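Heads up: the sequence lines are chains F and E, in that order. So in my numbering, spot 159 of the first sequence is number 159, and the numbers just go up one at a time. So in my numbering, spot 514 of the second sequence is number 514, and the numbers just go up one at a time.
It is worth saying that the hints were derived from the structure and are not from the lab. Just so we're clear, the structure is a prediction, and the values are computed from it rather than from any experiment. It cannot be assumed that every hint is accurate.
[Stated by the list, open to error] In silico DSS-like links for lysine-lysine, alpha-carbon gap of 25 angstroms or less:
hint, chain 1, residue 1, chain 2, residue 2
1, E, K444, E, K259
2, E, K410, E, K218
3, F, K330, F, K34
4, E, K205, E, K450
5, E, K159, F, K301
6, F, K330, E, K180
7, F, K330, F, K112
8, E, K159, F, K112
9, E, K422, E, K259
10, E, K205, E, K444
11, F, K330, F, K159
12, F, K34, E, K180
13, E, K180, F, K322
14, E, K299, E, K363
15, F, K301, E, K259
16, E, K363, E, K324
17, E, K218, E, K205
18, F, K34, F, K7
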Amino acid sequence: MHFDDLKHELQSLPVKYLHHMARGRIHRHFRLGKHRLVEIMLAFPPDQILAIETELQQILTTRQERLAAQEARAAARPQKPASPFQSKNRQMKGKPNFDHSQPSITLQEILKGIGVPEPQPFVPDPWQTEAVEHLAHSDVIVSAPTGSGKTYVAIQAIKQAMTLNQTVIYTSPLKALSNTKFMEFSQLFGPDQVGILTGDRRDNAQAPLLVMTTEILRNLFYDAASGEIDLRLHTLGLVILDESQYLADPERGVVWEETIILCPSQARLLLLSASIGNPQDLAEWLQAIRPIPCHLIRHAKRSVPLRGLYLHPTGQLVPLLKNQDILQGKGYTFHPDTRQLFTEYEIKPFR
Amino acid sequence: MPPAIHPVDLIEILRQHRLTPAIVFLTSRRACDEAIDTFAHSSARMSSQRSEAIREFLEKFTKDFPSITHHPLIPVVQEFGVAAHHAGHLPSWKIAIEELMRQGLLDAVFATTTLAAGVDFPARTVVITQSSVRKSQDFTDLTNSEIQQLAGRGGRRGKDLVGVVVITPSPYIDLHILGKGLTGYPEPIDSQFVVSYPMVLNLLKAHSLDQIEGLLAKSFAQFQLNQRSGIHQDHLDQIKEQLMPYGPRECADWITQWKGFDLARRRKAHRHPIVTNDTPFLTACLPFLTPGRLIGLPKGPAIILRQYRSRGTFAPMLSVIRAKGTLGECPAHSVTQVYDRVFEFQPSRTIPWCQPQVLSQLKKELSQLPTRLPTVPILPEIQETDDPLLAEILTEEFPCPTCPSHSACKKDFPLASKLRQKSQQLTKTIQALRDGLWHRFQQKADVLHKFGYITASSQLTADGEWARLIRINHSLLITELIRMDAFSGIAPGLLAGIMASISHDDDRPGSYMRLPSGLATMLTQVRAVADSLSPYEPPPLLRSDVAALVESWIGNPQLTWASLVRSTSMAEGDVYRLLARTLEFLSQIYGLKITHPGLADTAHSAMVTMRREVLQELP
Numbered sequence: 001m002h003f004d005d006l007k008h009e010l011q012s013l014p015v016k017y018l019h020h021m022a023r024g025r026i027h028r029h030f031r032l033g034k035h036r037l038v039e040i041m042l043a044f045p046p047d048q049i050l051a052i053e054t055e056l057q058q059i060l061t062t063r064q065e066r067l068a069a070q071e072a073r074a075a076a077r078p079q080k081p082a083s084p085f086q087s088k089n090r091q092m093k094g095k096p097n098f099d100h101s102q103p104s105i106t107l108q109e110i111l112k113g114i115g116v117p118e119p120q121p122f123v124p125d126p127w128q129t130e131a132v133e134h135l136a137h138s139d140v141i142v143s144a145p146t147g148s149g150k151t152y153v154a155i156q157a158i159k160q161a162m163t164l165n166q167t168v169i170y171t172s173p174l175k176a177l178s179n180t181k182f183m184e185f186s187q188l189f190g191p192d193q194v195g196i197l198t199g200d201r202r203d204n205a206q207a208p209l210l211v212m213t214t215e216i217l218r219n220l221f222y223d224a225a226s227g228e229i230d231l232r233l234h235t236l237g238l239v240i241l242d243e244s245q246y247l248a249d250p251e252r253g254v255v256w257e258e259t260i261i262l263c264p265s266q267a268r269l270l271l272l273s274a275s276i277g278n279p280q281d282l283a284e285w286l287q288a289i290r291p292i293p294c295h296l297i298r299h300a301k302r303s304v305p306l307r308g309l310y311l312h313p314t315g316q317l318v319p320l321l322k323n324q325d326i327l328q329g330k331g332y333t334f335h336p337d338t339r340q341l342f343t344e345y346e347i348k349p350f351r
Numbered sequence: 001m002p003p004a005i006h007p008v009d010l011i012e013i014l015r016q017h018r019l020t021p022a023i024v025f026l027t028s029r030r031a032c033d034e035a036i037d038t039f040a041h042s043s044a045r046m047s048s049q050r051s052e053a054i055r056e057f058l059e060k061f062t063k064d065f066p067s068i069t070h071h072p073l074i075p076v077v078q079e080f081g082v083a084a085h086h087a088g089h090l091p092s093w094k095i096a097i098e099e100l101m102r103q104g105l106l107d108a109v110f111a112t113t114t115l116a117a118g119v120d121f122p123a124r125t126v127v128i129t130q131s132s133v134r135k136s137q138d139f140t141d142l143t144n145s146e147i148q149q150l151a152g153r154g155g156r157r158g159k160d161l162v163g164v165v166v167i168t169p170s171p172y173i174d175l176h177i178l179g180k181g182l183t184g185y186p187e188p189i190d191s192q193f194v195v196s197y198p199m200v201l202n203l204l205k206a207h208s209l210d211q212i213e214g215l216l217a218k219s220f221a222q223f224q225l226n227q228r229s230g231i232h233q234d235h236l237d238q239i240k241e242q243l244m245p246y247g248p249r250e251c252a253d254w255i256t257q258w259k260g261f262d263l264a265r266r267r268k269a270h271r272h273p274i275v276t277n278d279t280p281f282l283t284a285c286l287p288f289l290t291p292g293r294l295i296g297l298p299k300g301p302a303i304i305l306r307q308y309r310s311r312g313t314f315a316p317m318l319s320v321i322r323a324k325g326t327l328g329e330c331p332a333h334s335v336t337q338v339y340d341r342v343f344e345f346q347p348s349r350t351i352p353w354c355q356p357q358v359l360s361q362l363k364k365e366l367s368q369l370p371t372r373l374p375t376v377p378i379l380p381e382i383q384e385t386d387d388p389l390l391a392e393i394l395t396e397e398f399p400c401p402t403c404p405s406h407s408a409c410k411k412d413f414p415l416a417s418k419l420r421q422k423s424q425q426l427t428k429t430i431q432a433l434r435d436g437l438w439h440r441f442q443q444k445a446d447v448l449h450k451f452g453y454i455t456a457s458s459q460l461t462a463d464g465e466w467a468r469l470i471r472i473n474h475s476l477l478i479t480e481l482i483r484m485d486a487f488s489g490i491a492p493g494l495l496a497g498i499m500a501s502i503s504h505d506d507d508r509p510g511s512y513m514r515l516p517s518g519l520a521t522m523l524t525q526v527r528a529v530a531d532s533l534s535p536y537e538p539p540p541l542l543r544s545d546v547a548a549l550v551e552s553w554i555g556n557p558q559l560t561w562a563s564l565v566r567s568t569s570m571a572e573g574d575v576y577r578l579l580a581r582t583l584e585f586l587s588q589i590y591g592l593k594i595t596h597p598g599l600a601d602t603a604h605s606a607m608v609t610m611r612r613e614v615l616q617e618l619p
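Can you make the complete structure from the sequences, with help from the hints?
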């Protein structure tokens with residue numbers, strides 16, 4: 001086998017096989033990484049290389065057989081129907097193979113990007129318009145990171161519902177948030193169009209847009225179910241649940257579930273949530289319990305890219321990661337400077 | 001090297017690299033306040049125009065919110081452009097800081113991680129100094145979602161080209177947790193569905209039991225339970241498939257049958273730890289085969305010299321002298337006759353097992369034997385099986401020992417029984433997952449029935465009709481107290497104090513105030529009731545210091561906010577939250593104005609007195 005071929009074969013092999021081959025050949029091989037193992041093996045004298053080659057052939061054939069058997073088994077297994085909410089880009093997991101020859105980013109490169117952008121006319125992202133469009137005929141779940149413009153979706157949806165003379169309810173988990181949203185909406189839609197209901201406040205309860213805490217909405221649904229109509233539920237066209245990742249709150253999560261279960265079926269639901277791991281579960285659930293279809297929008301990309309820096313207690317500022325931007329789902333490699341400084345810090349933090 | 005960077009140095013470095021405004025997340029409220037204090041003697045001042053802008057803003061702001069006019073941190077904020085923001089501050093202070101931040105007047109805010117939840121509060125830079133947070137008693141690592149919530153504050157849309165996360169080490173940091181959190185996917189969320197008493201009452205008010213079962217089945221909790229039971233179901237199907245070849249044989253349920261047989265055999269073995277292959281006849285014979293006994297062997301009569309057990313197989317053996325006078329060894333089972341005749345002699349322990357003269361005498365005796373001799377009647381004992389199971393199973397009709405599939409059963413039994421056990425377990429688990437929620441509902445309904453809120457046919461009683469309006473934590477305790485007339489003729493302050501101590505679930509230590517005697521007796525009473533209800537509802541903390549604090553706020557309308565806060569060691573923000581929560585509880589009681597007009601009036605007057613100064617200031 002040619003030298004380069006051998007190198008390629010060894011490098012493409014999972015590291016456990018390399019350790020297997022290194023046993024008895026390389027001293028303390030278990031401490032070494034893949035690259036070092038391959039390097040040492042290739043530096044062996046020719047007779048050793050020959051032995052390694054034969055062993056490699058054996059491993060490759062058995063491995064191929066195993067993989068083929070595995071595939072056959074996987075093919076024989078009945079396939080589950082794929083969920084329509086499963087996104088495609090999640091398939092790529094694990095660390096990417098960083099090209100080690102590529103130089104690490106420098107501090108100057110990271111700091112260069114910092115600044116104020118040119119003022120630009122606001123153009124909604126495609127996912128935002130998509131969310132508003134789908135709301136006409138289905139429930140919508142939006143899972144997007146903080147500050148990516150979920151409020152814009154809410155406002156557009158409210159406008160759309162208000163032109164149809166529907167009542168809109170907007171809920172948030174905290175009283176303070178309800179108050180700020182009430183003020184924000186009052187400025188946008190006019191004070192007579194917006195009302196607020198919280199535990200101890202009740203303003204303009206007849207307005208077409210009502211801001212409240214989720215607990216209050218749950219209580220309204222309770223009362224409506226028992227016949228004490230307190231609200232024009234028949235004109236209710238849209239319910240917006242902001243911060244719906246609170247569904248997983250150990251104390252208050254149950255309120256979100258009750259609200260969604262008790263929500264009248266003619267009203268559309270708009271769930272706005274921070275990035276969560278399983279929005280497709282939520283979507284499947286809504287689809288299962290409500291007569292209207294449900295549309296899931298997951299938007300993982302931040303509108304402003306994020307970069308990492310490491311600040312040592314001595315005042316040294318170095319890049320945190322080897323690459324420039326912090327990207328989701330691509331793994332991470334710390335910058336060598338960070339690694340060195342942090343190791344130093346961990347060994348002697350108090351001196 | 002210091003364990004962590006000095007706050008002033010941190011801010012100067014951030015300013016130097018144009019990384020402000022920044023949010024600095026610290027471990028505790030105290031750390032935030034201390035960080036601000038360190039600025040007082042530093043020279044990290046801001047430009048005078050910006051100081052002026054902050055001063056102007058705060059002047060305007062304090063007109064609407066007079067409660068923070070004399071806030072101790074105002075000078076630092078004006079001079080250095082840094083502020084602390086955590087749950088220990090008044091909401092008005094927090095709003096002021098948020099507004100200042102939004103206008104870009106501040107350089108840094110020192111905050112605890114609670115800030116990340118819910119408040120829209122972006123900055124250019126986020127500084128993270130920790131990888132774990134204190135939750136109840138100990139520290140837990142930050143989850144991916146939490147780290148992303150923190151990092152998500154970095155980078156303002158339209159104001160920044162990039163956001164920056166700065167990680168600076170402190171003794172509470174693990175770099176890899178942060179690395180994983182920043183680049184990983186957020187955790188999936190799980191349902192936290194709990195069935196509460198008010199939920200049961202309110203559902204029963206409007207729906208029939210069947211409808212409620214349907215409603216519970218629609219919950220996300222049930223959806224996730226079904227998902228989990230689906231996985232179990234797949235597993236179960238697999239196991240059932242594996243069980244297929246072990247279907248019915250000679251008997252329909254051979255696994256149970258063999259299990260009984262196997263068990264019986266095992267027990268029998270257990271009773272006789274030394275396994276001997278002696279037949280019942282031999283066992284009955286052995287006591288008679290003593291030295292000197294005359295026996296018949298296939299080759300003729302002989303006299304036993306000794307009895308022993310063979311070394312290997314532990315078989316009973318005999319040393320005998322035959323009619324010819326020769327010594328021999330023979331197994332005990334070859335004995336054909338046991339005669340009723342014993343020759344007395346003194347056995348010895350070495351060969352020939354007796355005195356040599358006895359040997360010749362025995363030889364003589366053997367040659368003079370009569371042709372017919374009386375034999376010893378030996379009745380082989382039937383093995384008594386006192387174990388009823390054994391007796392029942394090991395009867396003649398028990399098919400296993402003679403069954404044609406005996407050997408197959410014996411071979412397959414271990415695997416088949418393991419598989420069947422697993423399948424039974426899985427069936428149970430699946431059942432529990434599918435019915436769990438409904439069972440929990442029924443449990444709560446049973447308790448409510450026991451206390452008389454609902455009838456046996458699940459209709460709301462008169463008490464249930466009003467009790468369903470109390471939709472807060474510890475609702476059972478509150479409704480029981482109301483039913484006991486514990487609050488009749490109570491002063492508004494006292495009612496508020498009790499509600500405060502029921503509502504307050506924070507165990508952060510607070511100072512102790514002098515308890516009014518009326519409140520003390522009332523609290524003892526409430527605690528007794530709460531303890532008696534503890535099997536049905538976890539009792540609240542019932543702290544007396546918070547009760548006294550709220551009582552003094554309502555009992556003394558002249559009391560100012562400043563002196564109230566001075567009388568306790570609780571942080572201002574905590575006092576505010578306590579009062580706000582008490583207000584919520586009181587408003588629930590005010591909701592009972594139709595059935596309990598007196599109590600509702602008391603609650604209302606407490607609410608009115610409570611809303612003054614700081615509590616009135618916010619909408």
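Legend entry - Agreement of K34 (chain F) and K7 (chain F) with the hint, judged by alpha carbon distance not exceeding 25 angstroms: holds, 12 angstroms
Legend entry - Distance restraint between K218 (chain E) and K205 (chain E), which requires alpha-carbon spacing of 25 angstroms or less: Holds. K218 (chain E) to K205 (chain E) sits at ~19 angstroms (cutoff 25 angstroms).
Legend entry - Agreement of K205 (chain E) and K444 (chain E) with the hint, judged by alpha carbon distance not exceeding 25 angstroms: holds, 15 angstroms
Legend entry - Distance restraint between K330 (chain F) and K34 (chain F), which requires alpha-carbon spacing of 25 angstroms or less: With Cα atoms ~20 angstroms apart, K330 (chain F) and K34 (chain F) stay inside 25 angstroms; holds.
Inset, instruction - Assess, step by step, whether the Cα of K330 (chain F) is no farther than 25 angstroms from the Cα of K180 (chain E), and give holds or violated. - result: holds, 10 angstroms
Legend entry - 25 angstroms limit on alpha-carbon distance, applied to hinted pair K299 (chain E) and K363 (chain E): holds, 16 angstroms
Inset, instruction - Verify the proposed pairing of K34 (chain F) with K180 (chain E), using a straight-line Cα cut of 25 angstroms. - result: holds, 22 angstroms
Inset, instruction - Please work out if K330 (chain F) and K112 (chain F) have their alpha carbons no farther apart than 25 angstroms. - result: holds, 23 angstroms
Inset, instruction - Assess, step by step, whether the Cα of K330 (chain F) is no farther than 25 angstroms from the Cα of K159 (chain F), and give holds or violated. - result: violated, 38 angstroms
Legend entry - Restraint status (C-alpha distance of K410 (chain E) to K218 (chain E) at most 25 angstroms): Given that 25 angstroms is the threshold and the Cα spacing comes to 48 angstroms, the pair is violated.
Legend entry - Restraint status (C-alpha distance of K159 (chain E) to K301 (chain F) at most 25 angstroms): Since the Cα atoms of K159 (chain E) and K301 (chain F) sit roughly 18 angstroms apart, the hinted pair holds (cutoff 25 angstroms).
Legend entry - K159 (chain E) paired with K112 (chain F) [C-alpha distance capped at 25 angstroms]: holds, 16 angstroms
Violated hints, in rising order: 1, 2, 11 and 15; the structure is consistent with all others.
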